[in-house]
Amino acid sequence: VSDRDEISAYVLGDLEPAAAERLRAREAADPGFAAEVAAVRALVAQLGDLGPEEWDPVEPPPLRYAPQPAPRRRSWWRPVTLRPALAVTAAVLLLGVGVAIGALVAGGGGGGGGGGGRVVALAPVGQAPRSADGTADLRDGTMRLSARGLPGNARGDFYEVWMMRSPTDLVSVGSFTVGTDGRATVDMPVTASTARYPIIDVSLEPGDGNPGHSGMSVLRSRPI
Amino acid sequence: VVERRRATTAAFRAAYPEEHVSFAGYTVWTGSLARPRTIAAEPRRPLDRAERRLVARLRSRDPDALAEAYRAYGAATFGLLLRLLRDRGAAEDVQQQVFVEVWRRAEEYDPRRGGILTWVLTIARSRAIDHLRKRVPEPRDPHDQLPRSVEAKTDEPIDRWRVAHMLGRLSAEERLLLRMRFYEDMSQTEISAATGIPLGTVKARMVRGLARLREMIEAEEA
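Sequence lines, in order, name chains A and B.
In short: position in the first sequence from 1, add 93, done, that's our numbering.
In short: position in the second sequence from 1, add 834, done, that's our numbering.
Worth double-checking, as some hints may not be accurate.
[Said to hold, decoys possible] Straight line, CA to CA, 25 Å or less: simulated SDA-like cross-link-like pairs of lysine to any residue:
#: 1; chain 1: B; residue 1: Lys968; chain 2: A; residue 2: Arg97
#: 2; chain 1: B; residue 1: Lys968; chain 2: A; residue 2: Tyr158
#: 3; chain 1: B; residue 1: Lys968; chain 2: B; residue 2: Gln931
#: 4; chain 1: B; residue 1: Lys968; chain 2: A; residue 2: Leu156
#: 5; chain 1: B; residue 1: Lys968; chain 2: A; residue 2: Pro154
#: 6; chain 1: B; residue 1: Lys968; chain 2: B; residue 2: Ile957
These aren't lab readings, by the way, just hints derived from the structure by calculation.
Looking at chain B on its own, in the form it has when it is part of the complex (with noise of 0.2 Å):
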């Protein structure tokens, strides 16, 4: 935990080398909370809209479609195989299968049913569960369903990568805040005293981030 808390530390101080100065010991904040500032701000891209585009050109056939989604969502695809698999060759396989999927069922995804990103983890799932079956060890009946075990334990997986993706898509800042909070299991007052952001503005950012974070998730299962 405290490696930890002093990398993430290292981090903001990285992202914000001209607003702390080193004192007696101390690093101090002096960034201006007159103009609030991002931390290298990530472009927040209009979800539905942009997925929406996403999903047209993959049903158009366009090549630099499939570069995109991959782009957007195989480091969730592939975290979420890795935890179901257990296993970076399998998954780096599967992976490859999934975005193949992808390009080849694009006509049928549906975006009444969920977001772009819960279809692709959705598909991963399958062919995890899929290459999971292959290792169920003979004999066996192969009308033989997977044992419940198996797929049951691939559900929660998909929910924490969704999350895990779409912190992705909050502020640097927020996420680093978000991070702080829930990972490096800080307090507030830790996270002000680390940062040098007054207690008030860490509350304040904190709570947006997460309502950010939400409304993003609702977007998601619309």
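Chain A extracted, bound-state conformation (with noise of 0.2 Å):
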């Protein structure tokens, strides 16, 4: 039983009477102890008089004003301080921000790959076989194009990568050629816009001399 407890026993009378006069003979001689057993008496005083209104109060009414916050101060500088979770969460931010800039950068502003990685699934057309396929890695302004299954290139002729909007509209992005494996992996910068050509074409080029497509695809993309 803690000093307090004690005394609020003896103030409410519940002590046995050998405690309740070795208090009372404490009381008589030490005012600090008596100062305190005159709080809580006062304290029961007060119990005893308080009334139905204090027992059970009314519920008060709903507050009608709505302060407005503090204005935000506007300075030129002021120390940053940052949580550790907070900054963790800048930095991220602030990355993906830069990512996102340096792939508008690389890619000529609106075109390239379609900003920060988008990986495009080819699909076998016209007389590939149809276990060819591949994937176009758009990322930072370059194309990655990832290819298997295509027949190896003969002497001269080569694969060419297209970024397509029609047959008659479209721009070369690179070219490539496939060994024995069938594969090819190949970076290429990318220029183009996918908004602008949304669909990636890979055809099988003659060496011939003709710049333009040859109209034998062999991979193609949905549109983007």
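The two chains are supplied separately, each in an independent frame; assemble them into the complex guided by the hints.
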């Protein structure tokens, strides 16, 4: 039993006679203790005086006043303090913004492989083997084209990558050759906009010196 | 008194529905004393820390802080105003003024002079006095002080409402036992009989509640 509990019991008259007598003596001899007892007695008297309105307070009316938040201070300089979690979040956001801006800049502003990180599936078309396929990973103003299952190139011919809007509106992205394993992975800069040229096409080009599309597509994407 | 006792006993039984059984016309407490239960125990918030946070938010002009202050102290100020003004309409109007002032004067609050409850109650008292001054029949000298009797009778209710507010911070069980003792005028034996709690336990819990009440008031005054 703490001293305070004992005082409360004493004031409430709950102590055994011997204990009560001991506290009475201490109260008479110790002014500090007597003050504490007097405070508890006053509290007990207050409790006894409380009326129904204090024991069962009525619900206050709703607060009608709607304060406005403090206006934000504007200053040219103020120390910046960041919590670790906030700092990490800010760093990630800044990195994302930087990557996006980099992609736009490298892609010629509004051009280029559609911004940060888009992988487009390529499916066989025309005379290409049904097992042929590939992907075009458009990222940071470049295209990484991966293909497999393509016939190996014969002497002089090659594959050419296009970005198309229609059979007559298209731009060349680059060219590559495939060995006997039928695989190729090539990185090519992309300056055209995927918004303008949404289809990626791979054609087999004969080495005839004609810079136009041969009409022999082997892989093609759906519109991006 | 009989009605009050019935209401309180009913509240107690409602709080322990599974631990009372009716037997031969009596309701008998069956709760296990081996596992002390807190009846719908309310969270006991750390007094100083919570108040410090609230004051800091008020000072930083956080509107939610005012709503929180109103939830915490609105009942006490409204009770005080009702007692001082004896006019519900006036009390409602002054209540709004009090919390506008709490918002506007948060910077002036000095924790060294007392707890936030005391500060808010003091504002309420001041606004109540202002309102009472307006009621003094005309004509009167505007330099006259408010009649002493009016000011004097506003002191004691602050203390009452401070205690009433602190009662609300006790656990439901502690508050109930103190209510039975001091409001229902029940002896501890009668409380024991009404609740089924052994007499010794009633005494111990009542003592503890009183001691906690005293601690909270000291903290408020510190």
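Here is how each hint holds up against the structure:
no.	hint	result
1	B:Lys968 with A:Arg97	violated, 46 Å
2	B:Lys968 with A:Tyr158	holds, 23 Å
3	B:Lys968 with B:Gln931	holds, 15 Å
4	B:Lys968 with A:Leu156	holds, 24 Å
5	B:Lys968 with A:Pro154	holds, 23 Å
6	B:Lys968 with B:Ile957	holds, 17 Å
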